[in-house]
Amino acid sequence: MKLSLGPLQYFWPRERTLAFYREAADWPVEVVYLGETVCSKRRELGTRDWIALAETLKAAGKEVVLSSLALVEAESELNAVQRMLDHGGFLIEANDLTAVQLCRERGMPFVAGPSLNLYNHRTLELLVADGLRRWVPGVEQGLQQVDDLLAAYACQGHALPEVEVIAWGRLPLSYSARCFTARAFDVAKDACGFRCIEHPDGLPLATREGTPFLRINGIQVQGEEITDLGPEMTVLRALGVGLLRLYPQSEGMREVVEHFDLARRSPLPPPRRGAVNGYWHGLPGKPGLPAG
Amino acid sequence: MQLVCPAGNLPALHAAIDAGADAVYAGFRDQTNARAFPGLNFDEAGLRAGIAYAHQRGRKVYLALNTYPETARLRAWQAAVDHAAELGCDAIIAAEMAVLDHAMREHPNLARHLSVQGSATSAPALRYMHERFGISRAVLPRVLSLQQVERLCERSPVPLEVFAFGSLCIMVEGRCQLSSYVTGASPNRHGVCSPARFVRWEEHGDGRRGVRLNGLLMDRYAPGEPAAYPTVCKGRFAVGGETFHALEEPTSLNTLEMLPQLAKAGVAALKIEGRQRGVAYVTAVTRTWREAIDRQRADPANWSARPEWQKALSAHAEGHQTTLGPYHRAWH
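First to last, the sequence lines map onto chains A and B.
Each residue of the first sequence is one higher than the one before, counting from 1327 in this note's numbering.
Each residue of the second sequence is one higher than the one before, counting from 83 in this note's numbering.
None of these hints come from the bench; they were simulated from the model.
These figures come from a predicted structure and were not determined experimentally.
Glycine residues also receive a C-beta, built at the ideal position from the N, C-alpha and C atoms.
Incorrect hints may have been included.
[Said to hold, decoys possible] Covered, in the sense of this in silico footprint (three residues per stretch, anywhere, with C-beta under 8 angstroms from a C-beta of chain A), are these stretches of chain B:
| hint | stretch |
| --- | --- |
| 1 | 267-278 |
| 2 | 299-309 |
[Claimed, not checked] To list a few chain A residues with every Cβ distance to chain B over 12 angstroms, as calculated:
| hint | residue |
| --- | --- |
| 3 | Arg1374 |
| 4 | Gly1566 |
| 5 | Asp1587 |
So here's chain A without its partners, still in its complex pose:
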């Protein structure tokens, strides 16, 4: 089983980002996803910088995947996706249909990211014909759906593509044209002052009685809890999951990677380190809430 570093969802200063990946070059992860997936205005690193970083990590022995924006609206955003593909040297993570089509038009393989809607075996078949090489199930699909899908797909005599599950991190739940960080600071999106850079793990949102609930991260909303599928290791292996995705966080990432590295080499599943991912068990995504 491989470990992957998912794309950095937050906005960090340039030096912090570069330092993070310098360290990551020595971590026991086989795959690194790079690129801005949330907000096209975040330009501490431009496409060229991400590609340069990709070259460096590739030279360090990592498989590098370039991740595309989850929401593509403006011409400038479309151009950003195009520039990423123009390089041609890296696998692309398609996070919306824009990237799928651009890969398809160029005959380039892609990873179907978690914000692409892929819910059944027939759609997997269609997307494999378009160039899908690896599938990251969307956050609301649990063990049952993934198991059913892969079984039905294999039943038709197809070789399964690689499957990568989100094993660690805050779940991306939604995207909007609106920037919620700008809204929280009462500034216009067009003059946001990049306030999200002050919140390296997102901005906490709680209910009116103080229950931690969500994280605001620019135009993206995440769940508050850092989810952990480590304890499901035995099931993940049996399911044929090939990669465990670990989402970067500002502190303690090395320890997280080491924890999963040890876990994948152990016969017994590791102790729980993060929160339960309710979705995986067919429950509400937020841990501790009752089933309907």
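Keeping the supplied structure of chain A fixed, place chain B upon it in accordance with the hints.
Quick look at chain B alone, frame taken from chain A:
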């Protein structure tokens, strides 16, 4: 521009047609559509009657089959497509690739519209759906600015339909998991957002109220303060020491004043949201938009949004407030 109106049941369908809708959209009474609410939608006899009513008057009926079936339920969705074709619907509105693919192969003459839930926000995304599944129209997600809509109209391989009025989803449709994060039930999989069976109102005796979604507090209200339906995106929460509508206020989208620009851009159809709303809403909103569209078409140079139209629409808006939403840059 065609006016496409919601029909949550047969009386609403009749109301929409009578008030001047060019087409109505409806759903089966199950989870195959994104308004799978108790007591709403159509059984076979109802839909047959509705289609007959519309066709006798030269109008169209589109069937929303716009949720995302997992493997175990794909056959049921495919059967729903077959059923829509048998009943003589004028088009299906679908989002999921396997559903669209089935429709294209089995019922090539049944028009396929890409649902707003399909989340296509760019020209390449629209090209994908057109080349792969032969869609003949696409409904755009409510995240694009007017300028972006204009540009897409130029570049899209198919005619475009946009939302003109009704409750406003502020997240990209088809990719919002806020409801399932709290309840386990999602628009994509179950055709519902923050379903009523999870909603609990708390009365505190002194007139104060609170509202919970699956136990989680979505908002509190002072005595006499108007309360909103507790979808997660419209609750009040604490961020950085302040409590406010952190995602969006309860408000409705109203693009009436943009009618000339939408017409000029080449938008093919305007969609009214609200299959969950009653006959009074459907009648008033349809009638208002019919008149506005007709007058704009007849005399574009002298058209302006009349105050009485705006008043009629505001009366039916969520929280009696309306916004231009994402069409207007200031909203972002």
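Cross-check of the supplied hints:
Judged by the Cβ-Cβ criterion of 8 angstroms, the stretch 267-278 of chain B is covered by chain A as claimed, because 5 of its residues qualify and three suffice. Counting residues of the stretch 299-309 of chain B whose C-beta sits closer than 8 angstroms to any C-beta of chain A gives 4, which meets the bar of three, so the coverage hint holds. No Cβ of chain B comes within 12 angstroms of the Cβ of Arg1374 of chain A; the nearest lies about 22 angstroms off, and the non-interface call holds. Under the 12 angstroms C-beta cut-off, the non-interface status given to Gly1566 of chain A relative to chain B holds; the minimum distance is some 15 angstroms.
With 12 angstroms as the threshold on Cβ separation, the claim that Asp1587 of chain A sits away from chain B holds: the shortest Cβ distance comes to roughly 29 angstroms.
Every hint from the earlier list agrees with this structure, and none is contradicted.
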